[in-house]
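Next come the chains, spelled out residue by residue.
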Amino acid sequence: MSTTTPAPVRQTAHRAHKLRRRNTALGWSFIAPNFIGFAVITLVPIILMFYMAFTDWNALGTPHWTGLANFQRLARNSTFRAAVAQTFYYAIPHIILTGVIALALAILLNQKIRGVAFFRAAAFFPYITSIVAIAIVWNLLFSPKYGPVNQFLTWIGVAHPPGWTVSSTWAMPALIIVGTWREMGYYMILFLAGLQTIPRELYEAAKVDGASGWRRFLHITWPGLRPTTFFVTVMLAIQSFKVFDLIQVMTEGGPGTSTYVISFFIFQKSIGVSSNAPGTGEFGYASAASLILFFICLTFTILQFIVNQQSDLRKPRWTPVPLALGLVAFALAVASFASGYSLGLGYLGYLALFVVCFGFLMIHVRILRRRQQ
Amino acid sequence: MSHRVGKAILYVLLVVFSAFLLVPFFWMIMSSLKQNLDVFSVPIRWIPKVFQWHNYVDVWTKADMGTWLKNTLLLSTIVTILQVLTGSFAAYGFSRVRFPGRDALFLAYVATIAVPWQAYMIPQFILMTRLGLTGKWLWPIIILQTFGAFGVFLMKQFFETIPEELSESARLDGLSEYGIWRRIMLPLSGPALASLALLTFVNTWNDYMGPLIYLRDRANFTIQVGLKTFQADPQGSSLDALLFTGSVLSVLPIAVIFLFGQRFFIEGIATSGLKG
Amino acid sequence: MKLGKPLAALMAGALAFGLAGCGSGGTTSTPTTTAAGTQTATASAPVTLTMSGWSLKTTPEFQTLVDAYKKVAPNVTITLKEYDPNTYEQLMLTDMTGGQAPDIITIKQAKYTWQWATGNALMDVSDVVAGLSKDVTGAASYAVNGKNYGVPYRQDSWLLFYNKDLFDAAGVAVPDGKWTWDTYASTAKDLTTKLAAAGKTALGTYEHSWQSTLQGFANAQKGDNTNPAGPYMTGNYTYMQPYYDRALDLQNSGAQVAYGDISTNKLTYQAQFGKQSTAMMLMGSWYIATLVSQQTSGDADKFTWGMAPAPQVDSSTVSTPVTFGDPTGMGINAKIDPSKLQAAKDFLAFVASEDAAKALAGIGITPSTSSDAVTAAVFATAGMPSDALSKTAYQVHKTMPENPSGADVMNISTVLGAAHTAIMSGSADATSELATASQKVKDKDW
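Protein chains in written order, with the numbering used here: chain Y, 1 to 373; chain W, 1 to 276; chain X, 1 to 446.
By construction, these hints were calculated from the structure, which means they are not laboratory data.
Everything numeric in this text was worked out from a predicted model, so none of it was measured.
We put the beta carbon where it would ideally sit given N, CA and C, even for glycine.
Not one of these hints is a red herring.
If you want a taste of the chain Y side facing chain X, the calculated C-beta under 7 angstroms gives, among others:
| id | residue |
| --- | --- |
| 1 | ALA59 |
| 2 | ILE136 |
| 3 | PRO144 |
| 4 | GLY256 |
| 5 | THR257 |
| 6 | ILE271 |
| 7 | VAL273 |
| 8 | THR280 |
| 9 | GLY281 |
Generate coordinates for the entire structure from the input sequences, incorporating the hints supplied.
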């Protein structure tokens, strides 16, 4: 794959070594302008934060090494355990819904429809509208007594419509709906850009062959979108697991602690300023929680890297099978811990969602394999 | 015939769907025309009793809307240009040059996205202060927003869809790697560059926490920070109507940019005559 | 932990790079304008101090204090540094870590004192507090481990605001200053029925969605919340039960807007009372200045209003009603230039003085020093009620702090905040939710 490798096969070890040095210098020359800023401004503070997770740092004084004390405290804390469960409860449906709807929107709005520019702008509008206004309007729409949503539900014959953001059972589904509604346009943009990279000729050839729309999607669009899908699923998963803004403006973690997620917990233990969750300034403790959130996100990211590599047959597979299996097992363990703890329907529901998720990814792999053969 | 009916139904659905997406914006416009204490009421009042058109004058005369807009526009433009340039440059290194440690470095880039900002913003602020970067015009935010992993990751994914053969033939024609980035990769990544530019622009435009912490001088306020000055603490009196007047005005430039810029998403590779 | 040590060393190295001196830095950041070394003189040498404030355009109290002090000490110039009011503590903490906090730090919420004082960001000002007049209330809220870290300049306390026009329209007698919570609840229901009969849409009362609106009274009247062995600190919240039963009964009977409607419609108390959607409202005395200014500007309707003491548990406390409210105060940055310290301390002593109190009263602020002169100054403002009860309600009460000062208070208040939203939204019943909260506080489960 390496483009800078000259075509001739004859290469002495010395030349290979020289080439590698040349390539390293070349690669770094490209990366350096961004990396230097990134390393200083982001990487160093993050490494410092990782260190703080093992201290009692309170932002103002000197940190003292406390070993695993913060993690033990997290494990004992019922609010944190609930926050982990609720993070999964938000993230998994949100990832699936947003991903699917964004892709569908992109395909629909990639066609020649009159006024397509307007519809695209409309789909992107929720993302650019101020999140404060969104929180206000959705809260109004969901208002149990006066809200249009429940007025509609009553009208179609639902006797006891849900309390949405003022009910501990329904607040999270309400957040998932608003989150999906807000972010689908954002990921639609990325899918739209990805769709442009698929050569038109492939579609025309398929049409000549008489392939149905669904088959064209399966055999041309989906494989062609692979780099975009990978980017979108990684970003979407990370952003969903660290969801914060939406929860802060919509419910502030309430009612009770029913919409506490990990990043809200982190906020409350560090710099929080909201009235229900004043910041306690326990930055060491908050860093420990951040580290756990980081590992949850990282597991999902590495899993997606693996699936991506597996589905790309042109590239050699570099991931050893045991590592892949281990990561899958770890992800499942975290998920079942979360769900086992969770509210009511939890356990089986999560497991089912997880199976669907992985099944989806595996099918993706198989389709690509078949196409390549 | 059925084709036509299908199309009509599609349009109706699209229009209903769009209306549903624009509800909050509609509410924002209506609230921007109310009196301050009429914005929130039970039950909801969607249309103002008396339209307060003067809010759209007040927001310019009673606040520094002009300064805020100027700063935000400047900030977003600089960040977008730098992000697109350094991001696509680094992405070329990650996608087309093979060297030891490349994949690990890339994973480190992506992994940092997973760290919640609240947890490391204090160490970051201390670091920025030690480097003497705080309190200098818009620089802290430009630096903070430019060097992110997002642009690198996005552009790397798109560069991978561009066939190797093109670079190969360019190399035979004597182009350097930098020349390939400039003359082959960038022109062929139109839609990706357009979406990266758009998303970076919007994110910088709407960023609130970063500018709030780093831009303390009123002369450097961005629009999101400026709008917060309409909100008092729980004990005071907020200018809620003016807040939404400002919010409407802050959304409009982005909407315009999007409407005119969106055609770039469908042009690019597909029409550039590329034979895949 | 074999890997631990080298890793720790590495991190410590990075730490030294990033954070070195953050515990001691900042001394260089305040430029010295005085002749260095002369610590004594307040009289002659000019001194420039910086001080934090928020929403300067609409919050005149900082400028008022600065101007008043200029008359007393013409050599001291105080410049204000403006902060966003809703993220004040967050920005202040950031500035403290970066060594950029101003010389004089306004303590907006007393409950942050513990965090700042134990982090050595505030200077011990016990000597200033020792010299304050006995009429100053609220200094105890800034005491941490026996030392004082702040001086209160204003002391708000919660009162019952009522709309006299609506009472008259309903034909209900206005508060007489002897109300218990039972009188309050029955009057609210009575008002709601009679207002509806009179063709008004206003409800009897409005209880804002904050946890303090309910728990503040419960803590002050039953919670013994300054006692480390009291039920608030030790986690036994059954005393809140009657307060929740009453609030839930009022919202279920329709005499006040339901919590769910307040939170989903983002109702503001200023609009509810100012636009006459309610006949009564419990609120802090800061609202006096806001209401007067909104009635003047036309944002609020013009109507006759008055103030009454907060309702009591029983008639035993009506002569000196028990209510709650936190002070607002000033502290000194621990990293202040030593040559400016004396000037800063002098200013702190001034903000709690009679002179400062009069200046603050003139703009409708309730100062930490209460006296007949202060009350007279507050009520001299145009737009203020003139009845005797309003004046008594304003001046005579026993004000408990909303929260005591201490290590666990933030976490306790978070646990209670979650309980509040769960109970008021109807997601959980009060008995079991308060039991859960008690257990969490007992176990320090946070």
